[in-house]
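Q: Chain by chain, the residues:
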Amino acid sequence: MDNEELVINDLKRIILNTSAKSGEGHVASAFSILDILWVLYKKIIKVNPLDPYWSERDIFILSKGHASLGLYAILAYKGFFSISELDKFCTLDSFLGGHPDCNKVPGVEASTGSLGHGLPFALGIAFSKKIQKKISDVYVILGDGECNEGTIWESALIASNHKLDNLKCIIDYNHSNDRALKLGDLKAKFMSFGWESYVIDGHNHEQIYQFLLKKSNGKPLAIIAETIKGKGIKQMESNPAWHHKSPNKEELEIMLNELL
Amino acid sequence: MRKQFVLTIERLISDDENLAILLGDIGVFGFRNVFQKYPERIYNIGICEQAMTSIAAGMAKEGLHPVMHSIAPFVIERCFEQLKIDVGFQKHPVNIVSVGASYDYAALGSTHHCPGDVALVKTINGINIIVPGSDKDFDLLFSDIYKGPTANYFRLTEKGHSLDFSVTFGKANLIKSGKKGIVIAIGPMLERVITACLNLDVSILYYTTLEPFDSAMLIKCFVNSKVAVVEPFYEGTMSYDIHSALKGHSINLLSIGVPRKFLSKYGVASEQDILCGLDTQSIKSKLEIFFGNEK
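Sequence lines, in order, name chains G and R. 1 is the number of the first residue of the first sequence in the working numbering; add one for each residue after it. 1 is the number of the first residue of the second sequence in the working numbering; add one for each residue after it.
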């Protein structure tokens, strides 16, 4: 295991412990996007934990807000707040809830949870940066189930029509939504809406890095990240039973050991 | 009022580089001069009201002063959850400007009617609600608050009055004083209310800001326990605010507004007024029964 994997496994252990303690959280969804968040915050986006509202920062929006535990772990790791705050996750006075609240959590740019809001909101920010001639990028992670929402496709049309090449959308394609509506070839769909689009392995750090750096020449960028929901935990991987479930004591012990 | 909306924007946009307009494929021809002069700050987003709302919220987050515009049912009812979460909950100061009011588009049928908009927006904490009665009201109120820290909903109608009052955001105007009770005239209802009350010894209060509601003025003028409200949207919409303002008082409240049902006929707005009991004669009759018609 290299150093990055060790850190990510540490973060996964923190997420598991947080969920077990609180009895809350969408752990499998958090694990689905953790590698993407890691690369984004480690190598791609400009942010300053000491000045969360720094005017030249890039913007990241977790549109699939139920994966908040993944974002909280990364933000804490980056120093936006103490990791000990996760001990209070979902308690009455905690600022860390089941879905992220931008009016409470340093480093969170949008309050998400209801699906289909993050992309058009990110689009509005990207639009503003063009109008104001600011050079920063706007990143957003969507879930595949979220792509059922009409606002995603409204936004897809609008973003390409207005050539918002500062908008980078990553779709966490863990196929958990296949049981409802099969989305098929998402790359082709986004391309047909006028986006630059690529399919990557959403757990391969080098691929995530290389494709997020792609210049999209006047088009918004869609990265279709093939991921595994619950990545790294055998009984959780692609198992719908774990969508919104916290491990009990015995399950926690097994899972923590898996990550050693 | 729609023409005044365009004139007001044309005036403001030249001095405010953060003013940005988003149209839901409505009003595009009216704004042709703005499109020509400021193409980087006005966009026909298309018939995508839900996305348009979230886009406006994202723009407000970045410091722009976005104005989003379409017909009332599409810019309020269609995208209610976007208003709730991206505008209200996240506290982004978006300006929403609707046309069509309750049934300005009477001939187009129920899909284009929207007498429930104010009641809906009132459930969202953190959106001011402004119902101008005239072109002048709109110009004054919009110019005063559109850059403020709170989101605003401006409800425009084509049936405004031509009276000349100076209105202030958050304040009701006392039009006349009387001893038998209060009649609240909301926005475009003012002229009808004044005519209907010519022979009534009542106070008339003129409200153009409905959220926040000017409780102080209502309390100050409260006499004889009787309050009537003439509202150009669903009857009873303002009841909560009136009861809250007069908490502790025994009140007898009459709501005269649009009946709570789908309006299944067409015609023109003035015909719908008669069917809804919102024409001057119907209002007068109801008020005279409520207050007694002797002066």
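Hints were generated in silico from the structure; no laboratory data involved. From the three backbone atoms N, C-alpha and C, an ideal C-beta is built for every residue, glycine too. Be a bit skeptical, because a hint or two may be false.
Residues from chain R that keep clear of chain G, each with C-beta distances beyond 10 Å, as calculated [unchecked claim]:
#1 Gln-82
#2 Ile-85
#3 Asp-86
#4 Lys-91
#5 Phe-165
#6 Gly-267
#7 Ile-274
Ranges between beta-carbon positions, derived for each pair [as the list claims (entries may be wrong)]:
#8 R:Asn-44 x G:Gly-79: 41 to 51 Å
#9 R:Gly-148 x G:Gln-235: 46 to 56 Å
#10 G:Pro-240 x R:Ile-47: 53 to 63 Å
#11 G:Phe-95 x R:Glu-81: 18 to 28 Å
#12 G:Asn-239 x R:Gly-267: 52 to 62 Å
#13 R:Asp-144 x G:Lys-133: 49 to 59 Å
#14 G:Asn-239 x R:Asn-44: 41 to 51 Å
#15 R:Asp-144 x G:Ser-192: 21 to 31 Å
#16 G:Lys-234 x R:His-243: 51 to 61 Å
#17 R:Lys-147 x G:Ser-94: 26 to 36 Å
#18 R:Lys-147 x G:Glu-250: 50 to 60 Å
#19 R:Pro-212 x G:Phe-95: 41 to 51 Å
#20 G:Asn-239 x R:Glu-81: 26 to 36 Å
#21 G:Asn-204 x R:Phe-262: 50 to 60 Å
Q: Each hint: holds or not?
A: Evaluated hints:
no., hint, verdict
1, Gln-82, "violated, 7 Å"
2, Ile-85, "violated, 6 Å"
3, Asp-86, "violated, 6 Å"
4, Lys-91, "violated, 7 Å"
5, Phe-165, "holds, 36 Å"
6, Gly-267, "holds, 33 Å"
7, Ile-274, "holds, 39 Å"
8, R:Asn-44 x G:Gly-79: 41 to 51 Å, "holds, 43 Å"
9, R:Gly-148 x G:Gln-235: 46 to 56 Å, "holds, 53 Å"
10, G:Pro-240 x R:Ile-47: 53 to 63 Å, "violated, 36 Å"
11, G:Phe-95 x R:Glu-81: 18 to 28 Å, "holds, 24 Å"
12, G:Asn-239 x R:Gly-267: 52 to 62 Å, "holds, 60 Å"
13, R:Asp-144 x G:Lys-133: 49 to 59 Å, "violated, 29 Å"
14, G:Asn-239 x R:Asn-44: 41 to 51 Å, "holds, 46 Å"
15, R:Asp-144 x G:Ser-192: 21 to 31 Å, "violated, 46 Å"
16, G:Lys-234 x R:His-243: 51 to 61 Å, "holds, 59 Å"
17, R:Lys-147 x G:Ser-94: 26 to 36 Å, "holds, 35 Å"
18, R:Lys-147 x G:Glu-250: 50 to 60 Å, "holds, 58 Å"
19, R:Pro-212 x G:Phe-95: 41 to 51 Å, "violated, 28 Å"
20, G:Asn-239 x R:Glu-81: 26 to 36 Å, "holds, 30 Å"
21, G:Asn-204 x R:Phe-262: 50 to 60 Å, "holds, 56 Å"
Figure legend: structure checked against the earlier numbered hints; hints not met, in rising order: 1, 2, 3, 4, 10, 13, 15, 19.
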